[in-house]
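Chains as they are written, first to last, in the working numbering: chain A, 1 to 248; chain B, 1 to 120.
Hints should not be assumed to be uniformly reliable.
As the list claims (entries may be wrong) - One side only, chain B facing chain A, incomplete, derived with CB under 7 Å: (1) 33; (2) 34; (3) 35; (4) 38; (5) 54; (6) 55; (7) 59; (8) 61.
Claimed, not checked - FRET-style restraints, in silico, Cβ to Cβ: (9) A/100 - B/61: 47 to 57 Å; (10) A/241 - B/113: 46 to 56 Å; (11) B/62 - A/63: 22 to 32 Å; (12) A/215 - B/1: 48 to 58 Å; (13) A/246 - B/61: 32 to 42 Å; (14) B/43 - A/63: 56 to 66 Å; (15) B/1 - A/100: 40 to 50 Å; (16) B/26 - A/213: 44 to 54 Å; (17) A/238 - B/8: 35 to 45 Å; (18) A/242 - B/111: 39 to 49 Å; (19) A/96 - B/62: 20 to 30 Å.
If you're looking for bench data, these hints aren't it; they were derived computationally from the structure.
Here a beta-carbon is modelled for each residue, glycine too, at the ideal position from N, C-alpha and C.
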Amino acid sequence: MADLPWIAADLHLHTVASACAEPEMTPPAIALRARELDLQLIAVTDHHSVENVQAVRQAAAGLGISVLPGMEVQTREEVHVLCLFPSMEPAVQWQAWIWEHLPNLPNREDFFGPQRVVDAAGRLLRKNPRLLQTSVNLSLEEVIARAEGFGGLAIPAHVDRPRYSLFANLGMVPDGLSLAGAEISRHLTAAEARARFPQLQGLGLIQSGDAHRLSEILRNTHLLLREPSLEEVRLALQGQQGRAVRCP
Amino acid sequence: MTVQDIVQALGLEVLSAKGETDRPVTGGYASDLLSCVMAGARAGHVWVTLQGHPNVAAVASLLQLAAVVVTEGAPVDPVTVQRAEENRLVLLTTPQDTFTTVARLAALGIQGGAPGPRRP
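Excised from the complex, chain A in its bound form (with noise of 0.2 Å):
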């Protein structure tokens, strides 16, 4: 398998319609500054929403970069969760799902900011009314065993943060949930997050930038993969097949 080509991923960045990302994360400027930074994979996470996956991956298209559906879960423990899907489909029924069980409150533009739904070249199509960035009323393990059954992977993200984190909320893995991976911030190595929490001891890890700004998206993560799709990825968390993952 040596043929496998490495290719540079980061598969946590927000767009516009996160209340929280900074105007410029349009779906042109992701696009040409994963140009920028060599990346061949990216994967969009937004809170709660999948609603500008699509004009991200029009924008990144013939770009040479792969753009995976995704979300930014936070469970009822306030728990970060990445979930990635195979396409849009299921990525856009997991949304309507979460939707179900996120609580109907208006987003406070004035407080929280815009929640904009765009097109490919940024223009502003709509705004959700909906607060997005809030707990949905799942636990971290329906949250993991649903995006699963929905086709997806879902990992826990930014592991070592001290706060919306797994380790930070609930202390430990929770005894019998088996993690397909875990993701961790920008701030420490792979090496120094496995000595200081030994439960990732084992797990594949990706390198995240969770890029609320252009200049924060990262090019960490490293995957060997014979094509820059979930399949492929989740062998490369798990180290399967000649498939593998680094980050520094």
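The hints should help you fit chain B onto chain A, whose structure is shown.
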């Protein structure tokens, strides 16, 4: 002060280990971040939280806490109750919020313990 005294004074519902409510309560701790609880709560404390996740039972058992009070009627996972029962941990629940619960515990004379280390 025992767990039973708290149960009666606050009108709490006992979800698990009903035979263990004669345990003494030596202090209290309140947080919903389990990493903070692991650093800050002490053996014999009553822990007040609105998390009902199974890790609550794991952490409380690990620290040998006297009891856990889950506030605001937050959903308690059946696995949490099962683990608490297995570990002889008294799991309590109340519709009242954390502030009210802590205030009432403090009025009974239950105090916070030594502060834990500051989080990074």
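So which of those numbered hints doesn't the model satisfy?
8, 9, 11, 17, 18 and 19
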